[in-house]
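Protein chains: 2
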Amino acid sequence: MTVKILRLGHRPSRDKRVTTHLLLAARALGASGAIYTGVKDDQLEKRIQGINLSWGGCFEISFAKDWSKEIKSWKKHGKVVHLTMYGLSIKKVIEEIRRDESDKLIIVGGAKVPGEVFNIADWNVSITSQPHSEVSALAIFLHELFDGNELNLTFEKARLRIVPQGQGKKVIESQDNV
Amino acid sequence: MTVKILRLGHRPSRDKRVTTHLLLAARALGASGAIYTGVKDDQLEKRIQGINLSWGGCFEISFAKDWSKEIKSWKKHGKVVHLTMYGLSIKKVIEEIRRDESDKLIIVGGAKVPGEVFNIADWNVSITSQPHSEVSALAIFLHELFDGNELNLTFEKARLRIVPQGQGKKVIESQDNV
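Sequence lines, in order, name chains A and B.
Letter by letter, the first sequence follows residues 11 to 188 of this note's numbering.
Letter by letter, the second sequence follows residues 11 to 188 of this note's numbering.
For reference, chain A alone in the conformation it holds in the complex (with noise of 0.2 Å):
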């Protein structure tokens, strides 16, 4: 199953660190890769791309124009979930998501979510009813669909690996890929 993100509506002088660090989520907990509409930001995927060259894997990440070909692109091959406070707790639906073997597009809103994006949604989950974070939110959706099992995923052709520590940092940078 290829899980990608669709981040709608980033603005990049406003949302500059809450998209980073969503998509820093998204990379590190399994997701691969993101799409983003609203402004597109030079600085935000050479970021992202940074990160890849020095903690491996390859995350991809690109801009749309239009959120809604995106979605309709994906739906001819995959299934879509869209996060929101407003919909159905996680606990509900997670094992019929699970299930489902197709590839899924998790929606992640910006600032105004239009009101398609519910319609078009396979599934409208939500993480916990209360207003926290798209990036807390996607944590636990990611957490619980690979069913904890993106905490132990390997990122390839890494320059950096952390060995984790009980106390202290202790870095390992591998000659090959500098």
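Derived from the structure by calculation, the hints contain no laboratory data.
There's no promise every hint is true.
To be verified - Quick list of in silico lysine to any residue cross-link-like pairs, SDA-like style, CA-CA up to 20 Å:
no.	chain 1	residue 1	chain 2	residue 2
1	B	K102	A	L163
2	B	K86	B	D76
3	B	K102	A	G158
4	B	K179	A	G40
5	A	K50	A	T30
6	B	K89	B	D76
To be verified - Residues of chain B placed beyond 12 Å of chain A at every Cβ, according to the derived structure:
no.	residue
7	K14
8	G19
9	D76
10	D110
11	D113
12	Q185
No residue lacks a Cβ here, since even glycine has one placed at the ideal position from N, Cα and C.
Fit chain B to the given chain A structure using the hints.
Structure of chain B alone, referenced to chain A:
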């Protein structure tokens, strides 16, 4: 078990939205409050208190000048978890942390975390050894700590309540608290 967050090194101009997301995630996912250090930010505090008023509960937010004092005072009755990409995998330590019934202070770094924090923490815990976000790291940590039960929390005295829907939005406004 009482769980509080200690957010280190908040900078209002740069971290405004990320700290807001972090504290809202802490609130929605069952922490009882947060202490933050760095620069005092009245707007941040008002924003969180406004969320309590609309969405219920009594999540506390307070500013502290000296993180070291806060940790030392916490350690008189509780234990300290530091979330860091350099720490031991959550999979390895979460059972032990769950079993330990003392109150928990969850330290979440800002720009630069002083080395002393790694030494003073009872557990240095990583949510993957990849760079992502303090918001996603905290979300998965709380979700694991509370074993998913945080998704069923109710927030007392809420003015607004969402009724989860497969499609669309349904919000009930309480007349009691208007």
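Structure-based check of each hint:
1. B/K102 with A/L163: Given pair B/K102, A/L163 holds - Cα atoms ~15 Å apart, limit 20 Å.
2. B/K86 with B/D76: holds, 16 Å
3. B/K102 with A/G158: holds, 12 Å
4. B/K179 with A/G40: Violated: B/K179 and A/G40 sit about 29 Å apart, past 20 Å.
5. A/K50 with A/T30: holds, 13 Å
6. B/K89 with B/D76: OK: B/K89 and B/D76 at ~18 Å, within 20 Å.
7. K14: Correct as stated: the minimum Cβ-Cβ distance to chain A is 17 Å, above 12 Å.
8. G19: Consistent with the label, B/G19 stays out of reach of chain A, its closest Cβ about 15 Å off (over 12 Å).
9. D76: The assertion about B/D76 holds, with a minimum of 22 Å to chain A.
10. D110: holds, 15 Å
11. D113: Since the minimum Cβ distance to chain A is about 21 Å, B/D113 lies beyond 12 Å and the statement holds.
12. Q185: holds, 19 Å
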